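Number of protein chains: 2
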Amino acid sequence: MIRHTVAFTLNHSADSAEESAFMNEARALTAIPGVTKFEILRQVSPKCDYRFGISMEFVDQAELDAYAAHPMHTEFVEKHWIPNVSDFQEIDYITL
Amino acid sequence: MIRHTVAFTLNHSADSAEESAFMNEARALTAIPGVTKFEILRQVSPKCDYRFGISMEFVDQAELDAYAAHPMHTEFVEKHWIPNVSDFQEIDYITL
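The listed protein sequences correspond, in order, to chains A and W. Residues 1 to 96, numbered by the numbering used here, are exactly what the first sequence covers, in order. Residues 101 to 196, numbered by the numbering used here, are exactly what the second sequence covers, in order.
For reference, chain A alone in the conformation it holds in the complex:
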């Protein structure tokens, strides 16, 4: 199992229509083959500047690589991620 996560902040104000629209587009990523345990999250620690997170799990790195290369993902990155995300940190975990 590999858990693919990204913590991020949007260019938009909290609870804006743009924020809501972005989350709806992000939610569609769950349809890409290999994605399990898909979650859209709110970051709540005052010790962290990111405001949101997305987490999903794949069977292995090959499945994650296939997701990253999938046209639905690359189109999402181009059309929605890059124009709307101001800062982010990708973190991928496997159990130790």
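Don't take each hint at face value.
To be verified - Restraint-style ranges between C-beta atoms, simulated for each label pair:
no.: 1; chain 1: A; residue 1: 78; chain 2: W; residue 2: 183; range: 39 to 47 Å
no.: 2; chain 1: W; residue 1: 134; chain 2: A; residue 2: 36; range: 23 to 31 Å
no.: 3; chain 1: A; residue 1: 33; chain 2: W; residue 2: 130; range: 31 to 39 Å
no.: 4; chain 1: W; residue 1: 172; chain 2: A; residue 2: 17; range: 43 to 51 Å
no.: 5; chain 1: W; residue 1: 139; chain 2: A; residue 2: 46; range: 22 to 30 Å
no.: 6; chain 1: W; residue 1: 186; chain 2: A; residue 2: 21; range: 34 to 42 Å
no.: 7; chain 1: W; residue 1: 186; chain 2: A; residue 2: 18; range: 36 to 44 Å
no.: 8; chain 1: A; residue 1: 20; chain 2: W; residue 2: 147; range: 22 to 30 Å
no.: 9; chain 1: W; residue 1: 160; chain 2: A; residue 2: 23; range: 33 to 41 Å
no.: 10; chain 1: W; residue 1: 117; chain 2: A; residue 2: 27; range: 44 to 52 Å
no.: 11; chain 1: W; residue 1: 171; chain 2: A; residue 2: 71; range: 31 to 39 Å
Keep in mind that the hints were calculated from the coordinates and are not lab data. All figures in this text were calculated on a predicted structure; none of them were measured in a lab. Just so it is clear, CB atoms sit at the ideal spot from N, CA and C, and this is done for glycine as well.
Once you have looked at the hints, place chain W on chain A.
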């Protein structure tokens, strides 16, 4: 549910005895009341500099606050976290 995570890097070389000893001390945190789904993780994304992670879940923020204030946690931070961890980022998530 609140998922408390921390991505971190140790002062020690990979697969060293010090690394192994630190992970054993960290694993003992699972005995603190309120901790569920405790995981020690390896960070594997080349787009992220942190090398490890710890993740756990609590029923709510009050349970997480109680964990943070628990003597077993504060002693772990003082005796093991501060001397061994070179860099870290706390990230806490709730589902959106």
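Verification of the hints:
{"no.": "1", "hint": "A:78 / W:183: 39 to 47 Å", "in the structure": "45 Å, holds"}
{"no.": "2", "hint": "W:134 / A:36: 23 to 31 Å", "in the structure": "27 Å, holds"}
{"no.": "3", "hint": "A:33 / W:130: 31 to 39 Å", "in the structure": "34 Å, holds"}
{"no.": "4", "hint": "W:172 / A:17: 43 to 51 Å", "in the structure": "46 Å, holds"}
{"no.": "5", "hint": "W:139 / A:46: 22 to 30 Å", "in the structure": "23 Å, holds"}
{"no.": "6", "hint": "W:186 / A:21: 34 to 42 Å", "in the structure": "40 Å, holds"}
{"no.": "7", "hint": "W:186 / A:18: 36 to 44 Å", "in the structure": "38 Å, holds"}
{"no.": "8", "hint": "A:20 / W:147: 22 to 30 Å", "in the structure": "27 Å, holds"}
{"no.": "9", "hint": "W:160 / A:23: 33 to 41 Å", "in the structure": "23 Å, violated"}
{"no.": "10", "hint": "W:117 / A:27: 44 to 52 Å", "in the structure": "45 Å, holds"}
{"no.": "11", "hint": "W:171 / A:71: 31 to 39 Å", "in the structure": "53 Å, violated"}
Violated hints, in rising order: 9, 11; the structure is consistent with all others.
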